[in-house]
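Quick note on the working numbering: the sequence shown kicks off at 25 and runs consecutively.
Be careful, since some hints might not be right.
Straight-line distance between alpha carbons at most 25 Å, and here's what the computed SDA-like set of lysine to any residue pairs gives [said to hold, decoys possible]: (1) K144 to K87; (2) K95 to I277; (3) K87 to M278.
Label-pair distances were calculated between CB atoms; the ranges are [unchecked claim]: (4) Y250 to S202: 33 to 41 Å; (5) Y250 to I53: 25 to 33 Å; (6) L49 to R300: 16 to 24 Å; (7) Y57 to Q224: 45 to 53 Å; (8) Y57 to V227: 35 to 43 Å; (9) K34 to Q140: 49 to 57 Å; (10) R300 to I53: 34 to 42 Å; (11) V43 to T173: 46 to 54 Å; (12) C131 to V293: 27 to 35 Å; (13) K201 to T298: 24 to 32 Å; (14) R300 to I35: 30 to 38 Å; (15) L292 to K103: 18 to 26 Å; (16) F90 to K34: 44 to 52 Å.
It is worth saying that the hints were derived from the structure and are not from the lab. These numbers come from a predicted model, not from an experiment. Yeah, the Cβ is synthetic: ideal placement off N, Cα and C, and Gly gets one too.
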Amino acid sequence: MAKSKVNKRKILYWSIGIVLTIYALSMLIPCWYLLINSFKTEMDYSGGEELWVNGNVFGIPRKWTFENYVKASSVAAEKTAPIWQLYWNSILMTGIGTALGVFATVCTAYACARFQFRGKELIVSIGVGALVFPDFGSAATVYRFFQKTHLWNTWGVMWPGLNPFGLMFLIVYGQFKSISGTYAEAAKIDGASELRIMVQIMVPMIKGVIGMMVVMSAIGSWNNYYTTFMYLPSKPTIAFGMYKLNNEPEGRIMPTMCAIMVLCIIPLVVLFITMRDTIISNTAAGGLKG
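Based on the provided sequences and hints, a complete structural model is requested.
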């Protein structure tokens with residue numbers, strides 16, 4: 025009987041492992057498609073027969089070339105700005121937006137989780153409601169506001185990044201609520217201020233979640249061409265530049281389009297690889313703290 029249960033458990037584990045492996049491999053197919061086709065000529069991409077479609081779509085390039093990357097960079101310089109300028113604007117916007125968003129979210133979530141004050145329930149309700157309200161829903165109002173306050177087309181348009189609400193607010197709020205109050209009480213007995221308790225005790229206990237929030241916020245800011253398009257056209261980002269290139273005749277050629285997308289996602293891949301171990305280890309540790 026016990027042996028039968030063990031065999032069933034092994035079958036279940038193997039089945040789950042196979043399904044997850046297939047799922048993981050399926051996630052790599054678009055990455056392979058973008059990377060491998062960015063090194064092909066248009067003739068190589070559309071000619072011959074590979075797999076179940078016409079053209080060398082998923083196969084190795086017959087002739088490796090960097091022409092698509094050169095073309096993407098030259099068209100970017102002609103239509104928007106030099107590629108290095110697009111990257112620099114993206115780095116600034118991502119850094120500012122991520123820093124403001126993480127700071128505001130952590131401070132607001134900590135205050136709502138630790139203190140009792142009038143209007144707290146309303147703030148938490150707004151945080152929940154922000155999940156169903158799209159950013160573009162207020163685009164016209166925000167645009168008029170920026171024009172009236174002379175913030176339009178200046179770095180002042182980044183201040184809405186201080187908005188702390190949404191999914192990350194709920195996650196951080198829940199993490200702070202799950203921490204026992206005995207830590208803060210012991211620190212107060214030792215003479216620690218509320219700011220010191222937050223910075224040196226509470227925040228380090230959820231650093232894995234904060235790391236995840238940094239990555240998610242950075243990804244959102246990096247891929248955000250909407251802010252540049254609507255509010256900051258003089259500072260085109262890499263996402264906005266790639267969007268513009270896709271509307272040009274050169275950008276509609278599939279190998280060139282793949283090169284454009286690779287240029288856009290390279291920094292995100294580097295960010296994820298750099299912070300992957302930290303996020304996974306600290307999130308796992310945070311899940312065991314209770």
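Can the suggested window of 49 to 57 Å be confirmed for the beta-carbon pair K34 and Q140? holds (51 Å)
Given the hint of 18 to 26 Å, check if L292 and K103 actually sit that far apart at their C-beta atoms. holds (23 Å)
Within 35 to 43 Å: is that where the Cβ-Cβ distance between Y57 and V227 falls? holds (40 Å)
Outcome for the supplied range 44 to 52 Å, where the beta carbon pair is F90 and K34: For F90 and K34 the Cβ distance comes to about 49 Å; the hint holds.
Just tell me: holds or violated, for the beta carbon distance of L49 and R300 against 16 to 24 Å? holds (19 Å)
Do Y250 and S202 keep their Cβ atoms within the hinted range of 33 to 41 Å? holds (34 Å)
Hint says 34 to 42 Å; check whether the CB-CB distance for R300 and I53 agrees. Check failed, 21 Å falls outside 34 to 42 Å.
Agreement of K95 and I277 with the hint, judged by alpha carbon distance not exceeding 25 Å: Holds. K95 to I277 sits at ~11 Å (cutoff 25 Å).
Would you say the C-beta atoms of Y250 and I53 sit inside 25 to 33 Å of each other? With a Cβ separation near 28 Å, Y250 and I53 satisfy 25 to 33 Å, so the hint holds.
If you check the beta carbons of R300 and I35, does the distance land in 30 to 38 Å? holds (31 Å)
25 Å Cα cutoff - pair K144, K87: violated (63 Å)
With 27 to 35 Å as the target window, see if C131 and V293 comply at their CB atoms. holds (30 Å)
The structure shown violates the earlier hints numbered 1 and 10.
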